[in-house]
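Using the supplied hints, reconstruct the complex from the two chains, each of which is provided in its own coordinate frame.
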Amino acid sequence: MSADGSSHDAFAHDRLIEAVALRRDREAFAELFSYFAPRLKAWLIKSGATPAAAEDFAQDAMLTVWRKADLFDGRKARAATWIFTIARNRRLDMLRRDARPLPTPEIDLADEEVRRPDDILAMSEDAERVRDALSRLKPDQVEVLRLAFFMESPHSEIARQLDLPLGTVKSRIRNAMIKLRLILEPSEEASR
Amino acid sequence: MNPNRNPSEDRLLAYAAGNLSPPEAVVVAAHLAMRPANDAWVRRLQAVGGAFLDEAAPSSLSQDALARALARIETDAGEVKVPAPLNDMPELPEPLRRYALGPWRWVGPGVRVRDVHAPRDGDCRVILLKIEPGRETPRHTHGGVELTCVLSGAYATETERFDVGDFEEADNDVLHQPRVVSDTPCLCVVALNGQIQLDGWLGRLMQPFVRL
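Listed in order, the protein sequences are those of chains C and P. Numbered by the numbering used here, the letters in the first sequence go through residues 7 to 198 in order. Numbered by the numbering used here, the letters in the second sequence go through residues 55 to 266 in order.
If you're looking for bench data, these hints aren't it; they were derived computationally from the structure. Yeah, the Cβ is synthetic: ideal placement off N, Cα and C, and Gly gets one too. Just so you know, not all the hints are guaranteed correct.
Claimed, not checked - Here are some, though not all, of the chain C residues that point toward chain P, as calculated from beta-carbon distances under 8 Å: (1) Phe-17; (2) Arg-94; (3) Glu-158; (4) Leu-190.
The following block holds chain P by itself, in its conformation from the complex (with noise of 0.2 Å):
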């Protein structure tokens, strides 16, 4: 495994202890629905959770807490909870199918995204991406920390090969420029923080339309 196209052990255990931005757990859960090891190791860590809750010194409760938690189980008609429809993509792992799709829009030659309707938070949300094969995004650098899992295809970096499954964190240091290396399309899910800002002639001429 290499550790350059997994999540950072620190990203795994904020998401083990529910302490990631909702857009960002959505990268993640993809990315654990397709490489069981990780997701092993998620589940090790909620068990770590589960020995600290064990051993948490308890805060004492109000007088009446476990009477209104009886009363509660008395009355309760159990969970209304009707599924999200399952959304128009088949081939998404598990985890984002039941969320509601964007339309596509074209960003660049070559290159699409559509919304995927997770929750936000503040600025960060969660998008497809889906580049031809051959294709580049344009160059690019970030306002904050983009997260990326490869759904279907494979990109490289300057400096690295990302296949199906792999996940990247690009922090706003970085520049920018995955190329597609796939005989078919790549698609990815990706977790943007603050806007993009596109680099070079053709960037700055095309960021005024492109709402990425």
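This is chain C alone, in the form it adopts within the complex (with noise of 0.2 Å):
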């Protein structure tokens, strides 16, 4: 694995978390932080921070990761979609914070790795087949779902970003969502 280039062992980012978790290890860590803190602030970004609140963002949200690497569960979820989840609540944080007007208690409310501990899924697995289910739609598909997960008020801000009108992009994510229930959920599709 390269510092910041795409991971051929899909494991590697697994371990590092453990080696913080078990060891306070740093290289492991600064190798996470190489590899994720600037995929942390594209996203940011994209969802219209500026390049200096966005680095600021990243650099949060790992030091989040070094606080909470001994939560981190490989079974549960892989690395990318556990510090997915650390940012996401992250940010909903940070519009709690700007929202609010009186002071309210710090609440983990997102916490999931918390909230439910005796989560059974085989989430390791499910990494790979949300993978595959990706590679199985059409690009335009998963170019409005990328764009969905990272832009706030998605529709019309996607809408403008592809210059489609509204409705074009209100269906085509509700298609992809249908096609990724299908993939993914078979048996839960037929009952719902």
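Printed below as a string of structure tokens:
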């Protein structure tokens, strides 16, 4: 794996987080930082943050990775999903802080790894299935989904960015979600 | 699973991505705590988010970014985070237990509300709504979207019945008059957007007195 290139060993990042958890391994953390911080920054820039704010966000999210590494469980979520969730919670917290007029207690509302310890889903296998599912969507469906993840108030902004009518964006997202369900949850879909 | 009593796919996607406003996220979190299938789906969507993060084209960081990060973890004393105390309603699902609650207020015959002190988002806020059996809320329309999750009991609208864990999205076109159809009071958590407009002569009489 190169410092910021793509990872070829799917579990390499999982092992780095485990090294941070077990040994407070600073080299492992540096490697995780070099890989994920530039991607977190890119995400925030896409969602409308300034480069400086996006970099601060990436710094803070990675500090949370350092602090919470012992909560990481590779059987439940792979490294990228776990770090995505940490960043997503952080972003929600940020929205909260900006929005709240009164001081309210700090709450880990979305601290999923604590909230549902008995989750028995084989999430590692899931990550592969998710990748496979994405590869079976049409490229324009993957594109709107990606934008839906990385932009706030997605629909209108996606429409503007892709220069498409709002209705087209909405139906494209809807079709992408239907297809994702069909691929990932064929049995549940039948009963929905 | 009836799609009408579940959050829309858009709503679940926005929740997974962290794009919902905080009050809306609170109601969806309560629903997910009671609907494992939707919860599992949201986790899958987060794996989609993870895949997108993994393949994102990286932005370059400032020169000293790594050095700063390493300096921070050197001096980091961990997170000082005292969990908020539990509130006085053990019957609430776990995601709602640590929000402070306001006092119960009377807003009509058999209808009481109390504020959930979750962060607001502009005009959007979270309340608990408790309605006695056989009672209905005053007929009303919405200034914006209203998200509701049933925590106990059941209610019915003109077209549909909502039981424990069910989720309703009512937009501003819907003239809404839920009626409790369970033998016990119906308790709901609601994200309200905009002002509620009460309808009918009684509603118009009450409007000045009722702050929902």
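To see whether the hints hold, each was checked on the structure:
no., hint, verdict
1, Phe-17, "violated, 13 Å"
2, Arg-94, "holds, 4 Å"
3, Glu-158, "holds, 5 Å"
4, Leu-190, "holds, 6 Å"
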